[in-house]
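Q: Residue-level listing of the chains:
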Amino acid sequence: MVRYLIALVACLATLGLVACGDDDGDGGGTEANVLEPGQAKNASGDVTWCIGKDTSGAFTASIEKFNQENPKLQAKLLELPESADLQREQQVQRLRAESSECDVLGMDVIWTAEYAAAGWIYDLTPVVEKYEDTFIPSTVETVEYEGKKWALPYNTNAGFLYYRTNEVPQPPTTWEQVYKEAREKNGLVYQGERYEGLTVDFLELLYSSGGKVLSEDGETVEIDSPETREALEFLANGVKEGAVPKAVTTYEEESSRRAFEAGKATFMRNWPYAYALGKESDIADEFDIATFPGFAGNEGAGVVGGYNLGISAFSQNPEAALAFSEFLVTPEVQKLAMEATLPATVTEVYKDPKVREALPFAPELLKAVEQAEARPVSPVYTEISQAIYDNVFAVLNGRTSPDEAASAMNSEIEEALQRF
Amino acid sequence: MGRVEPKQVVLWLAVAAIVVFCLFPFYWLINTSLKSGADLSGAALLPPTPTLDNYTSIFEDDNFTMALRNSAIIAGSVTALSLLIGSFAGYALARLHLPFKFLILAIVLSISTFPPIAIAAPVFELWTDIGLYNTYLGLILPSLAFGLPLTVYILASFFRDIPRELEEAAMVDGASRFQAFRKIVVPLGAPGVVTAGLLVFIFVWNEFLFAITLTSTPERRPVPAAIAFFTGSQQFEIPLGTISAASVVVTVPLIVLVLIFQRRIVAGLTAGAVKG
Amino acid sequence: MEAGAARLPRRRRRSVFRGEHRLGAAMLAPSLAVIGLVAAYPIFYAIWLSLNEYSVITPGLSRFVGFDNYSEALGSSQFWDAMKTTVLFTVISVGLELVIGLAMALVMHRAFRGRALLRAVVLVPWAILTVVTAITWRTIFEPELGFVNTMLNTLGLPGGDIVWLGEEGYALAVMIFADVWKTAPFMALLLLAGLQGIPDELHDAAKVDGASGWQRFRRITLPLLVPAITVALIFRTLDAMRIFDLPYILTKGANGTETLSLIAQEELVTNRNTGLGSALSVLTFLTVMGVSFLYIRFIGGNIRALTED
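Which chain is which? The protein sequence lines are V, U and W, in order.
Residue numbering for the first sequence follows my numbering, beginning at 1 and increasing consecutively.
Residue numbering for the second sequence follows my numbering, beginning at 1001 and increasing consecutively.
Residue numbering for the third sequence follows my numbering, beginning at 2001 and increasing consecutively.
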């Protein structure tokens, strides 16, 4: 009898463990702790920076400089995988387990709201406001959520229109013109596969015509609008009328770049990274870049990319993390990064002559970032993006009409916002 | 002088077709690993400017070498352990009288069909709590759990086919059950042991999900996860060259292993399938 | 034992086998312990997860919703599309692997020199990392610059401008091709082993009786190969139904290649929808189990025979 009782209690205990396993840390979302700038003053100890692979060498160089100038502090790099998706998985995994392994998180701008809502990063409003004037305004947009600022913009990114100078003497000033010339000449390539890149390419068009995904307060969905339908129709016609090759629906950044470099297209939409690579390819002297042209009679717009620095709520040394993050956004360190081709978020860096030498298109890059907008800052951004790219992809393939796609996007995003 | 029969020609053509079919992508891997730059995704059957750069670059830092070592340790341990305890279980299921044997075997087999993706996060949290995160043991245990069902099934099939009389004769001579198992059944079941061993080894060697979820530093990261950290020299670039070079380096020892044991594998794959 | 010999009375049997019970339990214990601790606990936890809804906004916040996640999954067209795709892929892929594998096995069965080397060659596809083969095939089938299209164009054959991975139908075909490539050789080896188990005398006797090659194949070879075919079918079907790497890398699930594992991963990892993702995983698991039972029932695996006393 006693044995059965013990067994029963053991079973219940296990069930209890399993059931209660996830229920700690309830409702920690909006009551996150705030870090003040002064707190970094007497920081000491170790700081671990979790960010993707250091392809440019800028991360390691910055860390070395920091360690030299701050003898009481020791920063080190914990490299995450190459792909952004895997980086996010690795970060989220640790954050959900409340691990203190990462102090400073290198977050893709689109993850900021997600981390903030989950209570995984500190509220850095006073810190960001201290440096706000030095940043390009559109980069600060990406850290704003629910009226607070959650991260320091570290580096940024904005797309360009690449064009072949031997086929197109002057870059067109409207997308309509781009497509017309693409039809007559050798076509336009962009990132049309069913992934985040397509959302970016679509939003660049939509933002230009003044369309929106969410309302200002992020509460209502506004994507089912005449602007959206117009943009979708425009994209669909692009493929239908031959301005854009069908292959575009399998292209990511690299495949479109390779197609452009192999001479298979007159125009390409891509990030700045392709510039340096293009200059080493066969078409080195035959291409140039321009900021995005306008659409539907409006100014050109773009989408802000890049990485922000968040401080993990589970860090055991948030003061040191703060000191390190502040260091990384000082003009000097930003210059270092930009010379290694990581676009800075600090405006004055773009005017520095040495930077201009390293990156001849720095002025265009500044303009591109300034005219860009942030993607919807929401904790359910991945689902919003999915709703967008699923439907835009279907339109490109001719499987849905622009009207159907617009309303599908609307209802799917509404559903996403309902998630509790 | 013998005439070449048309039948022979057809046979040789078929053989050639099989070889090309099986080896072409491997050839393509080698081909790509010797290319660089824009050639990487091109269609050239031979590298336009062959270079060993990819091979030197993967060995530039220690990470890939460490990954190879990690994979060898983990795959080796899992194989050894799985053969050891799997052979016990296989024998028990095939030979000994036990209640609920079919049920046990069915449960064991069905566990290996559960999508690993759903249990990666629970295992990660459990391991972090008990300190097995980023350790060899932390990777050995899940791979073992997923490799055991297959091992047990194959070994059970093999042991089943060994005539009982041999064991009975030994027991009549005074050996215990366990001794009969050790000295007669296992040696006779060697083809099955080798088969199961090779299958488990390759399975663990290829395993990606747990590898990337349960490790965080190059000191413990196995090869498939390490490849996910390869980068091209620029953002967005899929480093086809280095990935191909790494795969060639990783596959060649496997092929050598297989060549050495291939006769055993085939004999091994026979017994369980045919007689059963 | 002669037919009709009496079995030991029940009491005697139990006492005779108690020693075996103990040894059996001891021999089974390590395996069951490992599997139980490492796999069973997380599986039960995952099943528990599928019965709750977890907040995406506020981690740690959850509510018990019973089978709501399951009804959401079963009611979504995406789930059934994925089910259709997975089943279609499995049936075609495994079928082709069987036929091609059998053809390869028959060729390899003919005695000739170099057979050992051929067997090693045939294992190469299976030995290369799955993720790497997927990337390789993706590159080979790239539009315009990839090997396949360049070859077709150079040889003047039609199809040089097909965007393989960009069209419904073609994308699935490429996926099937890549999967068949990887596993048909493995099937071939299994079937070869089966072929080698068929005594030559049977064929010789049939030849003497005037049977043609085809008749011998149908009446002797095939029937005796059934056990080998069954084992091969079961394992391959289980794997094919859970395929993930290939569609993820080739197309990210676009153009009619979205499989059950892909949507489970999308909900679980990308959308952090733990409840729904776990439910999808459980549903995948149940489907796979269902198919295995069907096999065992109708084609008759040798699994039960394994454990008969």
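Be a bit skeptical, because a hint or two may be false.
As the list claims (entries may be wrong) - Derived lysine-lysine pairs resembling BS3-like cross-links, with alpha carbons at most 30 Å apart:
no.: 1; chain 1: V; residue 1: Lys246; chain 2: W; residue 2: Lys2207
no.: 2; chain 1: W; residue 1: Lys2084; chain 2: V; residue 2: Lys246
no.: 3; chain 1: V; residue 1: Lys65; chain 2: V; residue 2: Lys53
Derived by calculation from the structure, the hints in this document are not laboratory data.
Q: Take the hints in turn and mark each one as holding or not.
A: Structure-based check of each hint:
1. About 58 Å separates the Cα atoms of lysine 246/V and lysine 2207/W, which puts this hinted pair outside 30 Å; it is violated.
2. This hinted pair checks out: lysine 2084/W and lysine 246/V have alpha carbons roughly 26 Å apart, not beyond 30 Å.
3. Annotation: proposed proximity of lysine 65/V to lysine 53/V holds, straight-line Cα distance about 19 Å (limit 30 Å).
In this structure, only the earlier hint numbered 1 is contradicted, and the remaining ones agree with it.
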